[in-house]
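A.B. asks: Based on the provided sequences and hints, a complete structural model is requested.
Each residue of the sequence shown is one higher than the one before, starting from 11 at the first, in the working numbering.
No lab work stands behind these hints: they were computed from the structure.
Ideal placement from N, C-alpha and C gives every residue a C-beta, glycine not left out.
Treat the hints with caution; some may be incorrect.
[To be verified] Each computed DMTMM-like pair below joins lysine to aspartate or glutamate, with the alpha-carbon atoms no more than 20 Å apart: (1) Lys100 x Asp71; (2) Lys75 x Glu51; (3) Lys100 x Glu70.
[Claimed, not checked] Cβ-Cβ distance ranges computed for the label pairs, FRET-style: (4) Leu79 x Ile49: 14 to 20 Å; (5) Val27 x Met77: 25 to 31 Å; (6) Asp71 x Leu38: 25 to 31 Å; (7) Lys16 x Glu51: 30 to 36 Å; (8) Val27 x His82: 29 to 35 Å; (9) Ser74 x Asn50: 27 to 33 Å; (10) Val27 x Arg83: 24 to 30 Å; (11) Gly40 x Asp81: 14 to 20 Å; (12) Lys100 x Asn50: 19 to 25 Å; (13) Gly26 x Glu70: 29 to 35 Å; (14) Lys100 x Lys16: 15 to 21 Å.
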Amino acid sequence: LANVGKGLTVLIIGSGVSGILHIQLAKLRGVAKVFATDINEYRLKMAKKFGADEAFYASEDIPSKLMELNDHRLAEYVLLKSVVTIKGLKDVTSATSFRVNLLIIFRYP
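C.D. replies: Encoded structure:
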């Protein structure tokens, strides 16, 4: 998140410990909005508690939800911090604007 700054929209896919820390880091960097997704309701609540502007289920249509919540804008910065699936990668590429920074962190099973 070194290049993240004011006015940008950040999408964090995966709201575990690392995702929560990146939410807080993005907020400290002064981004306009931080959106978080996860498959777990508790993690979504924690994402909101620790600074996400909005948090929603990863099973939703992420690009459509992002456009709905973000004045018809996609994200300029995406952090994929979860189990990487084909759906996850498709969501990432669909949820980003033309000028995008993408960081994928995953663990090989």
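A.B. asks: Next step is simple, just say for each hint if it's right about the structure.
C.D. replies: Comparing the hints with the structure gives:
no.	hint	result
1	Lys100 x Asp71	holds (11 Å)
2	Lys75 x Glu51	holds (17 Å)
3	Lys100 x Glu70	holds (13 Å)
4	Leu79 x Ile49: 14 to 20 Å	holds (18 Å)
5	Val27 x Met77: 25 to 31 Å	holds (28 Å)
6	Asp71 x Leu38: 25 to 31 Å	holds (30 Å)
7	Lys16 x Glu51: 30 to 36 Å	holds (31 Å)
8	Val27 x His82: 29 to 35 Å	holds (32 Å)
9	Ser74 x Asn50: 27 to 33 Å	violated (21 Å)
10	Val27 x Arg83: 24 to 30 Å	holds (28 Å)
11	Gly40 x Asp81: 14 to 20 Å	holds (18 Å)
12	Lys100 x Asn50: 19 to 25 Å	holds (21 Å)
13	Gly26 x Glu70: 29 to 35 Å	violated (18 Å)
14	Lys100 x Lys16: 15 to 21 Å	violated (29 Å)
Checked against the numbered hints given earlier, the structure breaks hints 9, 13, 14 and satisfies all the rest.
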